[in-house]
Each structure stands twice: as structure tokens, then as C-alpha cells.
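> Protein sequences appear in the order of chains B and D. By the numbering used here, the letter at position 16 of the first sequence is numbered 16, and the numbering carries on one by one without gaps. To get the numbering used here, take the position in the second sequence, counting from 1, and add 129.
Worth flagging that the hints you see were computed from the coordinates, not collected in a lab. Predicted model, so just to flag it, every value in this text is computed and none were measured. Beta carbons are placed, not taken as given, at the ideal position from N, Cα and C, and that holds for glycine. It is possible that some hints are incorrect.
Below 20 Å or equal to it, Euclidean Cα-Cα: the simulated SDA-like pairs (lysine to any residue) are [unchecked claim]:
1) K359/D / P333/D
2) K366/D / H309/D
3) K366/D / E322/D
4) K434/D / K17/B
5) K142/D / G260/D
6) K317/D / K439/D
7) K110/B / S451/D
8) K142/D / S451/D
9) K9/B / P333/D
10) K9/B / P30/B
11) K43/B / E22/B
12) K9/B / E265/D
13) K439/D / E322/D
14) K17/B / S451/D
15) K9/B / S50/B
16) K439/D / G260/D
17) K439/D / K366/D
18) K9/B / I100/B
19) K110/B / R264/D
20) K9/B / K439/D
21) K9/B / P406/D
22) K17/B / K142/D
23) K17/B / D381/D
24) K9/B / Y289/D
25) K9/B / C86/B
If you only want the chain B side, here are some residues facing chain D, beta carbon under 10 Å, derived [stated by the list, open to error]:
26) P4
27) W7
28) D41
29) T85
30) C93
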Amino acid sequence: MSVPRYWRKQQNRYNLKGNYCETCGRYFFPPRVLCPDCRRDGKIVDYEFSGNGTVRTFSIIRTASDDYDLQTPYAIAIIELEEGTCMTAQVICEPDEISIGMPVKRVFRKIFSEGDSGVIVYGTKFVPA
Amino acid sequence: MREVAVVGVGLTKFGERWDTSFRNLFVEAGAKAVEDAGMSGDQIDEMFVGNMSGGRFVLQEHIGALIADHAGLTKNHIPATRVEAACASGGLAFRQAYTTVASGMQDIVIAGGVEKMTDVGGSETTDALAGAADREWEGLAGATFPGLYAMIATDYMNRYGLTREQLAMVSVKNHRNGVHNPIAQYRKEITVEDVMRSTLVADPLRLLDCSPVTDGAAAVILCPMEMARKFTDTPVKVLASSQASDTISLHDRRDFSTLDASVAAGRRAFKQASLTPKDIDLVEVHDCFTIAELCAIEDLGFCVKGEAGKLTEDGQTAIGGSIPVNTSGGLKSCGHPVGATGIKQVCEIVSQLRGEAVGRQVDAEIGMTHNVGGTGATVVCNILGV
Ligand SMILES: CC(C)(COP(=O)(O)OP(=O)(O)OC[C@H]1O[C@@H](n2cnc3c(N)ncnc32)[C@H](O)[C@@H]1OP(=O)(O)O)[C@@H](O)C(=O)NCCC(=O)NCCS
Ligand SMILES: [Zn+2]
């Protein structure tokens, strides 16, 4: 992926900056420009997530594409943030340590380094809280 | 709307087809379908081709024209369109062809699907397939495509007490069916132990829970029902064709173990055909992973949520059971050339309804197909009958 593509969403990836709809109170991460429930009646406001959440479901990835291969096996999870929205992220722990309902909190980490150029992409992962 | 019939079907052998190219795969399937319909290529009015990722797998775009050219259809300059919805691209091509004929816009339309996945390495394939889900917010986080279905499996097993063995039985059953399908990629029986011993890909899913990487193509020919007997003694009627959408990301779903788009597409198809799940004699569902077959059986209404593992264990989804599922061998044993699968499913139902499914024949008058794109962001269902 090109550098601008990461750069554009850097604040969101680094600091869990999303948004929410003032009309219906629904939170979004990744941010949305349109509330899918209220559409044009929605009022979208920026919001930084606390980063506290729980594991809703997970898997241990054993076969990955080249950019992620060195990290295998790693835990991937759907995390429900305390604001009620869900996101997909890695959880840094032993494969047998992760479980459904486990409390986690956000950390700033390297996600992967890209191809031959080795450009490092940073973002949010989670650790057991 | 006019009534529409399938009058010709054609399939290539599925597998690692190092011997043949992307374009030739399609031409082979298309020529077989035209031959099967006993018509001439000059009679074809329009073409739709399902293809997920020619751009990633063979570095080729503009696939509608490429295929029309090599199939000898540019002579009459017919409209040729590529359609894409990840693994549901084939299903989409069928539905486009169906609406084109049903609306009266065209009479004879070919719907095909093709994918050539083995010309790139395994890592690149995994990366390309991750594009079926949300590349920025699932893929970039490190979720592979099997990893997303694995998260569905983890959620499902935790909530409904599905056992690892029951999951394996889906694969065992589909491999048993695939033995009798001449085009299938893996024509060998496997045991529950084989599945349990195979390499972990993304826990709890193992290699033998996953559909393989496959080259292949499929094509069908549609025309108005009133014209069908000019081409064949055994026209198969399209009783319904439906499509539904849902969030691209699994994490945005209401319920990780229910594909709401399957529920919606299924209901629409049953409504259009004025039928219920009880009327269906056999179904081809999208078993890209074993867990996906169980979700599909439930989401389409063949049993209630949480019961499909038991139904499989009891043999009810096998040939001879109350609702045979994936007599073709499914994506698991037949193979899954992503763009072609939705059309292959229709080909299997047509063979069954014509009584031509040697070795795996079911006594059937009404069959259904269910084709999923991504983790359920697109679903296409069709009901066919004689
Ligand atoms: C599961 C998967 C990662 C395995 O790939 P891999 O690790 O590269 O496996 P290999 O190609 O090295 O195969 C190892 C062996 O198992 C066999 N094999 C591979 N996949 C198989 C499968 N799904 N079923 C049965 N046998 C399989 C191979 O033929 C090979 O046998 P051999 O050693 O006798 O030649 C890959 O098939 C995959 O990504 N599948 C999912 C595809 C997908 O997501 N499709 C989209 C879904 S909608
Ligand atoms: Zn809103």
C-alpha cells in the first residue's frame, strides 16, 4: 500500500481517533463520514476512544502473507471497545492466553514493515488489561 | 417479468491447471455450455463474466472484452461485462444474466465465471483474498481471510457447543461427495482424524477445513422459458434469483455467527419462488470453510441456529439424508476458483435436476444455490426447478 494511504489515517491508527453520531449516539471506529442509521440527519463529531475493551472472538493466525509472516503465530481478535463499537486488531499475548471476554487495553506498536523497502507501519494493538 | 430457463452448462476440470491459461479456461467452459445447449455462438446476445481478481492473479483487467474476444463473440460485438463481488462474483454474473433475460432486454445470455489462482505464490494468493474483506481495517490489522472465518468459528463454538469433530464432519462429507464428481480438485475420501491432524491455518480451522486454491471456469446459458425447448428437452427453470448486502467488515455485524445477508437473500428467494426450505430437495452452499457450511444451512432456514453440527453428524446433509448439501463436493473438495464457484453451483443443480449426476444422484425436482462474497457482505441465492 502507498505511503499516503497510511499517512491519511495515521491519527486514527495511532490514537484510535474515530467519531460518533450525536443524533443517535452510535460510535464509529474506523470513523465514518455518514452515520449508516441516520444518514443525512446524523451529526458526526470527532471522538478519541479510551482503548479499553474486551475480546469478543479471536483466532491464532499460523499462515499469513509475507508482510506478516515473521510474526506468526499471532492472535487476532474482534475487540468490543467500552463505547460499544467493535474493531479488529492483534492482541499481544501467548496463543493459549487469549479467551473470549478477556479485558484488553490499547498500545502503540509496529504493525509490519512493508516488503523490500522496509517502511515500518505503526498502529494500535492490544494487550491483556 | 419473463420466465427464464437454463439450457446449457459447461465446466472445466478444477485444480492446479498449469497446462492452461486464464482465457483458455473460460473458452473451454463457454464452448461446452454452447455445445450442451446445441446452439451456435452467433445466437448469443450478451455475456456476463464473474471474476474476483484477474488484476492480482494474472495481472489482467478488462476481462469482459478479453473473454468475448477469445470466445469468438466479438464478431457480433455483443456486450460483454465483468462483474465482481469477491467469491460471489459468479453468483452475481448469473443474477445479471437472469435479470437481463427476465426483463426482456435480451433473449440468449451466457453467464460465466473464471479464476486462475495458481499462477502466483501462496503468500500473494493469501494477500489477494484478504481483499474480499476490509483491506484497511481487517487486512491491515493482520486478519487473513481464513482468520476471519476462524473468528466466526470461535464465536459459534463458544455459543452453541459445536464440537471440533462435528466441524470436521462437514469436510469428510464433502470429500465423500467429491469422489463422484469428475471435475473435482480432490477426489479422495478423508476421515475425521485426517482433518484433526492437518496443519492449523487459523485456530480452530485446519488445512482440511479450508477450501483450496484452484483454477477453473464454469458457464451456463439462459434464455426465456418459452424458447427453451428449441435447445433442450430438459430445460431447468429459474424459480428465483436474489442478492443481498451487509457490512464489509465482520466486526460491524450484529451477530458474528449469522450472515444476515444469507438470511435476507434466502428469504427473498423463497418469497419469489413461493416456496419454503421444506420444498428444497438439495442445496449447494458456500462452504469456503467448514464453519461457513453450518452457518449457511441455518441462515437459509434448513434448521435452527446451533443445530447444523448435529444435523451433519446425523448424516442428514449427506446424499440420502433429509437435505443433501453440496453433492458436488462443495468448495472444499471440488475446489474454489473464486469467480467461477457461483456458476459451478448452478451447473451442479442443473445436472442433478436433469438426472445426470452419476454416482451422486439425488431424487430431486427443486434445488438451491447459495454463494457468499467475503465474510457475508454479498450473498446470492438461486432456486431452480424442473
Ligand atoms: C489452506 C491454505 C492456506 C493451504 O495452503 P498451503 O499451506 O499453501 O498448502 P499447500 O499448497 O502447501 O498444500 C499442502 C498439501 O495439502 C494439499 N491441500 C492443500 N489445500 C488443501 C485443501 N484445502 N484440501 C485438501 N488438500 C489440500 C495440497 O495438495 C498439498 O498436498 P501435497 O503435499 O500432497 O502436494 C490455502 O489452501 C488457502 O488459503 N485456502 C483458503 C482459500 C480461500 O480463502 N479462499 C477464499 C474463500 S471464499
Ligand atoms: Zn446516527
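> Now tell me if each hint is right for this structure.
Quick rundown of the hints versus the structure:
For a cut-off of 20 Å, the pair hint linking K359/D to P333/D is broken: about 51 Å separates their Cα positions. Only pairs whose Cα atoms come within 20 Å are accepted, and K366/D paired with H309/D is rejected, the gap being roughly 25 Å. With a C-alpha separation of about 41 Å, the suggested pair K366/D and E322/D falls outside the 20 Å cut-off, and the hint is violated. A hinted pair counts as satisfied when its Cα atoms are at most 20 Å apart, and K434/D with K17/B does not qualify at roughly 36 Å.
Of the supplied pair hints, the one linking K142/D and G260/D is violated, its CA atoms being roughly 26 Å apart against a limit of 20 Å. The suggested pairing of K317/D with K439/D is violated, with an alpha-carbon distance near 24 Å, which exceeds 20 Å. Restraint check: the Cα-Cα separation between K110/B and S451/D comes to about 52 Å, which exceeds 20 Å; the hinted pair is violated. A threshold of 20 Å between alpha carbons decides the hint, and for K142/D with S451/D the separation of about 29 Å lies outside it, so the pair is violated.
Proposed proximity of K9/B and P333/D is contradicted: the alpha carbons are some 32 Å apart, above 20 Å. Taking the CA atoms of K9/B and P30/B, the gap is near 9 Å; set against the 20 Å cutoff, the hint holds. Distance check on the hinted pair: K43/B and E22/B sit about 5 Å apart at the alpha-carbon level, within 20 Å; holds. Between the alpha carbons of K9/B and E265/D the distance comes to roughly 9 Å, so the proposed pair stays at or under 20 Å and holds.
Only pairs whose Cα atoms come within 20 Å are accepted, and K439/D paired with E322/D is accepted, the gap being roughly 18 Å. Restraint check for K17/B and S451/D: not satisfied, since their Cα atoms lie roughly 51 Å apart, outside the 20 Å limit. At most 20 Å may separate the alpha-carbon atoms for a hinted pair to count; K9/B and S50/B meet this at roughly 18 Å. For the given pair, K439/D sits about 33 Å from G260/D by alpha-carbon distance, which is inconsistent with the 20 Å threshold.
The hinted pair formed by K439/D and K366/D fails the criterion: a straight-line CA distance of about 33 Å is larger than 20 Å. Between the alpha carbons of K9/B and I100/B the distance comes to roughly 29 Å, so the proposed pair goes past 20 Å and is violated. For the suggested pair K110/B and R264/D, the alpha carbons sit about 18 Å apart, so the restraint of at most 20 Å is met. Note on K9/B and K439/D: the hinted pairing is violated, with a Cα-Cα distance of about 45 Å set against a maximum of 20 Å.
Between K9/B and P406/D the alpha-carbon distance is near 45 Å, which puts this suggested pair outside the 20 Å criterion. Distance restraint check for K17/B and K142/D: the Cα-Cα separation of roughly 49 Å exceeds the 20 Å cut-off, and the hinted pair is therefore not satisfied. Distance hint between K17/B and D381/D is fulfilled; the C-alpha atoms sit about 17 Å from each other, no more than 20 Å. For the hint pairing K9/B with Y289/D, the CA-to-CA distance comes to about 38 Å; that exceeds 20 Å, so the pair is violated.
Among the hinted pairs, K9/B with C86/B is consistent with the structure: their alpha-carbon atoms are about 18 Å apart, no more than 20 Å. Given the 10 Å rule on beta carbons, the hint for P4/B is violated: about 13 Å separates it from the nearest Cβ of chain D. The closest approach between the C-beta of W7/B and any C-beta of chain D is roughly 13 Å, which is over the 10 Å cut-off, so the hint fails. For D41/B, the interface hint is violated, the least distance from its beta-carbon to any beta-carbon of chain D being 20 Å, above 10 Å.
This hint holds: T85/B has a C-beta 8 Å from the nearest C-beta of chain D, less than the 10 Å allowed. The interface hint given for C93/B is broken, as the beta carbon of that residue sits about 14 Å from the closest beta carbon of chain D, more than 10 Å.
Checked against the numbered hints given earlier, the structure breaks hints 1, 2, 3, 4, 5, 6, 7, 8, 9, 14, 16, 17, 18, 20, 21, 22, 24, 26, 27, 28, 30 and satisfies all the rest.
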